[in-house]
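So the protein sequences, as listed, match chains A and B.
Here our numbering is used: the first residue of the first sequence is 21, the next is one more, and so on.
Here our numbering is used: the first residue of the second sequence is 13, the next is one more, and so on.
Hints listed in this document are in silico derivations from the structure and should not be mistaken for laboratory results.
Predicted model, so just to flag it, every value in this text is computed and none were measured.
Possibly wrong hints are sitting among the right ones.
Quick list of in silico lysine-lysine cross-link-like pairs, BS3-like style, CA-CA up to 30 Å [what the hints assert, rightly or not]:
no.	chain 1	residue 1	chain 2	residue 2
1	A	203	B	38
2	A	219	A	203
3	A	203	A	258
4	B	49	A	199
5	B	49	A	157
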Amino acid sequence: MNTDPILRIREYQRDRVNFVLENVDLAFANSLRRVMMADLPTVAIDLVEIEANTTVLPDEFIAHRLGMIPLVSTNCDVAMRYTRDCNCLENCAFCSIILSLHVTCNDSVTMDVTSHHLELQPHPDQGIEEAGEEQVKRVESFGSPIGKNEAGVDPILICKIRKGQELKLRCIAKKGIAKEHAKWSPCSAVAFEYDPHNKLRHTSYWFETDEKAEWPLGENAREEEPTREDEPFDFNAKPNKFYFDVETDGSLGAQEVVMKGIAELQKKLASLVWALRKVRSGENDMDMPSGGDQPSGDQATAASNGGWGSGSDSAGWGNPTSGGGGGSTGAWGGGASPSRSGGWGSNPGAGNPGIWSSSSPAAGGWGSPSAQANGWNV
Amino acid sequence: MNAPNRYELYVLDEGEAPVEVNEDTKIPNAATIKILKQDHTLGNMLRGQLLSMPQVLFAGYKVPHPLHPHFLLKIQTDGTSPPDVVLSEACNQLIGTLSSLESQFKREFSFKEVDGGAGAGGAAGGAFATSDDPYGTGTSTSGAGAWGNNRDDYLDF
Ligand SMILES: [Zn+2]
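Using the sequences and the hints given, assemble the complete structure.
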């Protein structure tokens, strides 16, 4: 299992990259997808002060639309602070970008108010404090709407105004991640596919008359051998080859998203290693319930709340190869626990009848007498 | 008005321990490890890696409630090393796999740039057809070096 992943980039453009990732497991590939979508910081408009709005759209409507406009966020992780980590009261040059917009229509034709009308303003605090290390790492256009001052780039429409109408406002853009609000996601879409021929039967296709005709194969199907007519179902097979297509909204480039995504995953893992080391050395045992004097009853009740997720909602996370479950009729069997509704989705002791299910926490609880009787190798 | 800040779902409170290890009293060499302010992204990946390790008899994870920002990871080992040590080992293996992947991405991206792949791709990208810095946004002052340099800061403990 410790073989290196295999990577092939099939197509690379500024704002999108299509690649094939092999020799990793589904959980790993899925974590990469999740981290790219939800854990990378960008800049987005967060607060809007509206001075004049005589357009047909209400203030909130416009504020929401402004939030969704991608702003240039290159190196945002180091070039800006989160306001919660900043020592200012509301916003400052370190943690905020100011944009202003003032458009009036004096023509008798309808006029478009677009992202190109947003003007980057120096923060009023700028210069009071000397520029910190964050500002030095910013690119020139940092915080401005993408494509502004670039030839041939269509602007993003905010609203339309007619003669005599006016829109005047001031925006404060902040750093954030998509777990707070999707506007901070650098990705507009991340396509993710595996097993294009459905050999693993992780899905089943609805059809009217002919499954093959109604579900034409996608591009990725060319990468893998089609199923032979007489091929028996291999229930031990696991997905191994993953097809990604990362498409960004332009706030970050595709390359930056992938590289920062990998770095973010490593950061999460490294902090866990660090924290575990601290626990081992007993540095923060003040609120650390030491194992051994904890009753296990609370754990048994916790089990009834819901099963241990098997992660992906496709089944088949069993690990029949490890075969270490004591070779018995023990608990934790994956067989009786459909991965969605609960039950430990993993199955080290393959083929156990599996009394562990969320419906019988008392009988099959962690460390319950029956679990021991059922062959935990004590 | 009194809603908690959204970032409390993924940022540790002041002084909050990121991990709690609870040794199991009834099962030998087993522990339930609570990892705070993390979700399926980390949980499922760790579970997958743990199951590939020969000394692990059992590994599973769950997010007990979608509104509670933590997950539980249950590990039983064969006794050669305790669960938290095995978990550290799994983390280190994953960091290694990611490093390998990262260097492959670096190499592949540099090949594609030499090919002019990124520049030629402007037709479909549209918005980014004019400049040719690797990140595709604006005029990068420090380019690839910017993240290359600070990348390892957090691994340096
Ligand atoms: Zn500030």
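These are the hints, each one checked on the structure:
1. A threshold of 30 Å between alpha carbons decides the hint, and for residue 203(A) with residue 38(B) the separation of about 47 Å lies outside it, so the pair is violated.
2. Straight-line distance between C-alpha atoms of residue 219(A) and residue 203(A) comes to about 37 Å, which puts the hinted pair past the 30 Å bound.
3. Taking the CA atoms of residue 203(A) and residue 258(A), the gap is about 35 Å. The hint is violated against a cut of 30 Å.
4. A hinted pair counts as satisfied when its Cα atoms are at most 30 Å apart, and residue 49(B) with residue 199(A) qualifies at roughly 12 Å.
5. At most 30 Å may separate the alpha-carbon atoms for a hinted pair to count; residue 49(B) and residue 157(A) meet this at roughly 29 Å.
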